[in-house]
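One line per chain: the protein sequences are C and Z, in this order. The numbering of the first sequence is the numbering used here, which starts it at 109 and goes up by one. The numbering of the second sequence is the numbering used here, which starts it at 109 and goes up by one.
By construction, these hints were calculated from the structure, which means they are not laboratory data. Treat the hints with care, since some could be wrong.
One copy or two, either will do: identical chains are not told apart, so a pair holds if it fits within one copy or between any two.
[What the hints assert, rightly or not] Okay, derived cross-link-like pairs now, DMTMM-like style, lysine to aspartate or glutamate, Cα gap no bigger than 25 Å in a straight line: (1) Lys281 <-> Glu129; (2) Lys281 <-> Glu227; (3) Lys281 <-> Asp116.
Protein chains: 2
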Amino acid sequence: MGGMEPIDADSLGRQIRFIMEAGRLTAVLRQNTVTGGSRRENSAEHSWHIALMALVLGPLAPPGTDICRVMSMLLLHDLVEIDAGDLFLYAPEADQRRQDAAEQTAAERLFGLLPAGQESSVRALWAEFCERETAEARFARAMDRLQPILLNHAAGGGTWRTHGVTADQVLGKVRLIADGSPALGSYARGLVEDAVRQGFLTGNLPAGPRPATGA
Amino acid sequence: MGGMEPIDADSLGRQIRFIMEAGRLTAVLRQNTVTGGSRRENSAEHSWHIALMALVLGPLAPPGTDICRVMSMLLLHDLVEIDAGDLFLYAPEADQRRQDAAEQTAAERLFGLLPAGQESSVRALWAEFCERETAEARFARAMDRLQPILLNHAAGGGTWRTHGVTADQVLGKVRLIADGSPALGSYARGLVEDAVRQGFLTGNLPAGPRPATGA
Chain C
109 MGGMEPIDAD
119 SLGRQIRFIM
129 EAGRLTAVLR
139 QNTVTGGSRR
149 ENSAEHSWHI
159 ALMALVLGPL
169 APPGTDICRV
179 MSMLLLHDLV
189 EIDAGDLFLY
199 APEADQRRQD
209 AAEQTAAERL
219 FGLLPAGQES
229 SVRALWAEFC
239 ERETAEARFA
249 RAMDRLQPIL
259 LNHAAGGGTW
269 RTHGVTADQV
279 LGKVRLIADG
289 SPALGSYARG
299 LVEDAVRQGF
309 LTGNLPAGPR
319 PATGA
Chain Z
109 MGGMEPIDAD
119 SLGRQIRFIM
129 EAGRLTAVLR
139 QNTVTGGSRR
149 ENSAEHSWHI
159 ALMALVLGPL
169 APPGTDICRV
179 MSMLLLHDLV
189 EIDAGDLFLY
199 APEADQRRQD
209 AAEQTAAERL
219 FGLLPAGQES
229 SVRALWAEFC
239 ERETAEARFA
249 RAMDRLQPIL
259 LNHAAGGGTW
269 RTHGVTADQV
279 LGKVRLIADG
289 SPALGSYARG
299 LVEDAVRQGF
309 LTGNLPAGPR
319 PATGA
């Protein structure tokens with residue numbers, strides 16, 4: 109990044125076309141509502157919120173995690189929804205598989221708008237996010253999973269209530285958070301326990317002491 | 109960034125409170141519409157879009173520009189609007205001065221939600237953006253100014269039409285773009301010229317050859 113290249117009108121034209129196409133992410137609605145609960149959140153707002161979360165919560169990532177790459181992944185990760193739409197986090201597995209295929213096709217088209225060299229680096233970032241093998245991808249995924257839990261908890265149930273989601277389903281997502289940041293996994297688990305105690309999330313919590321890592 | 113610190117429940121509590129408060133940026137409406145023109149854009153969507161622009165257009169920044177810091181500034185730069193509201197880009201100067209004062213008060217309250225060490229680093233990023241002295245701040249400002257020009261040009265006038273904005277007013281903003289990236293300044297100037305030619309932006313363009321840098 110940086111490093112003023114010679115001006116290439118064709119290359120810039122492609123970048124601008126990609127940017128304008130990306131703007132359509134504002135029309136992709138998610139299940140949960142925005143802070144305050146007045147309307148459904150869209151994927152552009154969600155992407156901004158979790159990139160900001162990565163910036164603020166960066167100190168809780170494992171040592172050496174490159175937060176810049178985390179933010180870059182989060183800014184890009186939902187673009188494929190422009191063609192594929194947003195799938196509810198708790199959708200059945202057959203739907204998830206169909207969604208994965210649709211997102212691959214979308215990545216082909218959308219990232220293919222970029223100049224060739226940039227297409228490959230952006231696709232690599234997106235693939236890294238999907239594969240969840242690096243510390244950066246796992247921390248990025250943790251942001252993506254933590255944000256709706258924060259919103260649903262603050263809303264006194266939110267989509268947990270409207271979709272009849274249970275505590276063990278949410279705890280399945282908490283494991284992905286703990287995988288990116290043990291401290292944030294513990295925090296998220298605490299929110300789930302609190303929601304069950306307060307009665308706006310149904311289900312029993314596993315007995316026994318709460319693990320220190322939340323994993 | 110990175111560098112797993114000991115878990116500090118108070119510190120994490122403050123970070124989460126800040127993140128939840130930040131979510132209110134989704135309720136701050138801007139004058140221009142989203143891509144497609146169906147409704148007004150909000151400042152959270154705008155922040156996402158320009159952070160993504162910084163990622164994609166980073167190669168057009170001056171050599172050595174730290175695009176990570178640019179993205180961080182752009183994710184944060186509008187948070188003060190949660191208290192101060194969004195001021196139209198072409199508002200009179202007296203309004204701009206009142207806005208600056210309101211934004212300082214907002215920064216005090218909002219960034220003050222963060223743990224002390226983080227408050228100072230986040231405030232420093234925001235101040236750097238406002239002061240426009242570093243290459244990063246100037247490139248960030250260029251993204252902030254270029255995005256509405258892209259949207260208005262694509263919409264065949266947009267807020268230029270609804271607010272009777274003229275070509276020389278827009279060219280004043282183009283100078284700020286050229287200051288962050290000469291190549292993007294030239295590109296933006298080309299959009300303004302095209303808009304005048306097509307008749308959806310009023311005003312005469314300065315005579316003479318178009319400067320190579322757009323400055």
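Hint check:
no.: 1; hint: Lys281 <-> Glu129; verdict: between (31 Å within a copy, 23 Å between copies)
no.: 2; hint: Lys281 <-> Glu227; verdict: neither (31 Å within a copy, 30 Å between copies)
no.: 3; hint: Lys281 <-> Asp116; verdict: between (44 Å within a copy, 23 Å between copies)
Going through the hint list in order, the structure does not satisfy hint 2, though it satisfies all others.
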